[in-house]
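Quick mapping for you: the protein sequence lines, in order, are chains B and A.
So for the first sequence, our numbering puts the first residue at 1; every next one is plus one.
So for the second sequence, our numbering puts the first residue at 1001; every next one is plus one.
FYI, nobody ran anything at the bench for these hints, they're computed from the structure.
Incorrect hints may appear among the rest.
[As the list claims (entries may be wrong)] Listed next, with one range per pair, are the computed distances between beta-carbon atoms: (1) D33/B x K1345/A: 36 to 42 Å; (2) R419/B x R1321/A: 34 to 40 Å; (3) K1345/A x L331/B: 51 to 57 Å; (4) N18/B x K1322/A: 43 to 49 Å; (5) S214/B x H1426/A: 35 to 41 Å.
Using N, Cα and C, we set each Cβ at its ideal position, and we do this for glycine too.
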Amino acid sequence: MKSICLYFQIHQPFRLKNYRFFEIGADHYYFDDYTNQSILRKVARKSYLPANQLFLKLIEQFPGRFKISFSITGIALYQFALYAPELIDSFKELAATGQVEFLAETYSHSLVSLSNEDEFQHQVMTHSERIEELFGMKPKVFRNTELIYSDQIGEQVYRMGFKAMLTEGAKHILGWKSPNFLYYNVHQPKLKLLLRNFKLSDDLAFRFTNQEWSEWPLTADKYVDWIKGVDENEDVINLFMDYETFGEHQSAESGIFEFLKEFPKRIIEETDFEFLTPSEVVKTCQPIAPLPVPFPISWADEERDLSAWLGNELQNEAFSKLYSLRNDLKLANSPELMADWSYLQASDHFYYMCTKFFSDQAVHNYFNPYGSPYDAFINYMNVLSDFILRLEEAIDRDRYKGVIVDELDEEMLYEAIDRYALVLKRLRKRRTQLERNNPKGQAKK
Amino acid sequence: MRVLMFGWEFPPHISGGLGTACYGLTKGLAFQDVEVIFVVPKAYGDEDQSAIKLIGASGVPVMQRTVQFYKNLTEESLPRTELTSKEITYLEVGSMLMPYLSPEEFETFVNEKIEAKDYKWEKLLRKSQESKAVESKQIGTIDFSGKYGPDLLQEVSNYGLIAAEIAQGQDFDLIHAHDWLTYAAGIAAQKISGKPLIIHVHATEYDRAGENVNSLVFDIERMGMEAADRIITVSNLTRNTVVNKYGIPEEKVFTVYNAVEPNAKIEEDSIRKHLNEKVVTFLGRVTFQKGPEYFIEAAYKVLQKTDDVRFVMAGNGDLLRKMIRHAARLGITKKFHFTDFLKGKDVDRMFQLSDVYVMPSVSEPFGISPLEAMRSNVPVIISKQSGVSEILKYAIKIDFWDVDAMADAIYGLVKYSALSDMFSKHGKTEVDNLKWENAAKNTKEQYTALLENIKPQ
């Protein structure tokens, strides 16, 4: 039995407002509510709501046979609640059919898996709790931000209790191998890996409306033929894409919804493929081989690596500065600061700072509200500077020449001791003076 | 291929970007095997004053020189074969043309009889990386009718008359004229010789004067553009001006971007900063076109927030006094300095001292100075209203009027070292790749295309 696994990603960041340096210390609200609300409302209307309705119909049409899965970030869910609560009901309805699986990921679509394991686990657990609370099911399969995966990340995910994880069927990792099998982590065979078939996924996600594409227009006929043409011995075709593919990236006028209506019907009626959720794939398919991935991969750009988020000095600086705050945040123990820190972690902020000017520029521009990566960096760092001020105020630490006392080097430490010894001496002298002038000596301490 | 080229200045006698651009371009063309006969009017004080008097009476002395270009200093020690050096013919015409002066200013200049500055050609020669072997001989005078008067427009047409004479005495394939002062010369040469004319627009009257254009200058510019068989602009910004404001058909206007010479080696640590503060620099003429007041406003905003920054406005111009008063009124003069006009080595030194360079020009057809800053590893902020912003990647681009964005960019470059490090690291490479060779190659393509279009007849 061969299967098709459909998974759709839903994420919306809290975009930052235009935050100038002179607001540092004065304005502690960082987000562009107007843009966030209008984008979410637009995407909900054009994509999420109509697509949900269509999938609901398909699920009713093929009881037990048509299945899909979603991963919705915590901050996207929060924006649903703020700006389009009807979406939450709509997803609840889908969840109630039993033919929809919800996956786990980090709450804020962060890159924390590249920084700190404890924090990684914390963010994933926060997300899982939210999903369980809303949709009544505990996620069993993990999907990392941008499908980022490495051997090491896989091991961490297994330690969190997941049995399977999704990632990209990247050419440079697979070589001659096919993505249409179940693989497993090279150090931890119990963690199964589902690999995205990027050719068939991107035919829908990126090429569907591209009139220069030799296969345009793509009909359900043609697409089902391609799927039929997949080698008989292969197990599973993983079609992973952004949910906005339906109605937003590919507009309703392009016929994407008609395609979507037709495609499951043809698969179910004409082929021996069945639709499975990721958990079911893991149960039914035999893992075929370990997949070594020593360096992180992702589903973005031609390189399928991290270069879209951590590919230049600006991104690295912002990233390391952001995560260096973790210990202080624990000390400060403030829910407001934690929330802002979480929103500032969304990978999108780093994506905006990307300087890969030539390749994939069109895709980058589409998602980027800033005129240039420098604007994005400066804006982000201004916000982060204010955030750090708040954090330090919350912790209230002693400093010498702007350096925290705990971090003074030897030279500065002695300098500080000498300096304050002198100040203390002067203060005592002054006190003596006062006492002499005031013989009754209200020796105030 | 031989090109008769009309310019108005040539190193070391330069007062702005045009001379530098002509120098780079002719050097690049020489290495593209294009023979250039470069004609400039001479109006500098280091020439024989008696000659000028002589001109007024009867004729124009023409100096012919050969300027040799060497690729770089190391090759200088090699035998000077054709492979290592190229030369152009350089003709100087006695004239009083002055660039960057409006007709009114020119009149004042001539009437006031200001002592010309003392340029030291020989000294510069030794210092500069390009060694030039100069041989000059006077090849006689050309008679022409018409007088030299203290009137710029008259000068322009006189230059045209001389051009006609030169055109008759030289053999060439096409004519290339740089900016409005030479258009009349270009047209005259075109009429006499019947050879095609290319005009090269480095700036228009709209850039110099905003909307208050001098209609006489505008007319000369339009006449040149209409007469030209092909027009080269230094940016798409300028191309749009030529098409939209002068009504020139798009298909005859082409953009060829300028470039910058790699800088001479500067001894490491020769200039040491004595301050721990960051230095943010404006360098250019202090005129409406360069947007100095936006720089002051941005400085004020930055200084409200941080005091480990200093601002420098290096340059002179009709707005300088107003700017000094403006800075004083804002109470920032403790941190805001004016240096007046800098030249030669002082310019390089200023760049060496700078941590950020800002070019807030209201209108800048190209703008070579940010490239010079980047060449010295200085991060730059440039206005979107500049031609150079069309080609630079490692630069922050802002609207000249957006003082908040400008201040924010300055603050970002001063405070967030990752950004300035990135610019220092990649900016120089980016600029070093903008070679005059490429600009010359593109120019030569224009020549070839033009000559091919004309051949069939």
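Results of checking the hints against the structure:
Taken as a hint, the range 36 to 42 Å is violated for the pair D33/B and K1345/A, whose Cβ atoms sit roughly 54 Å apart. The hint said 34 to 40 Å for the Cβ distance between R419/B and R1321/A, and at roughly 46 Å that hint is violated. Restraint check, K1345/A to L331/B: a C-beta distance of roughly 54 Å satisfies the suggested window 51 to 57 Å. One distance hint, 43 to 49 Å for the beta-carbon pair N18/B and K1322/A, is violated here, with the actual separation near 31 Å.
A C-beta distance of roughly 37 Å is found between S214/B and H1426/A, which places it inside the suggested range of 35 to 41 Å.
Violated hints for the displayed structure, listed by number in ascending order: 1, 2, 4.
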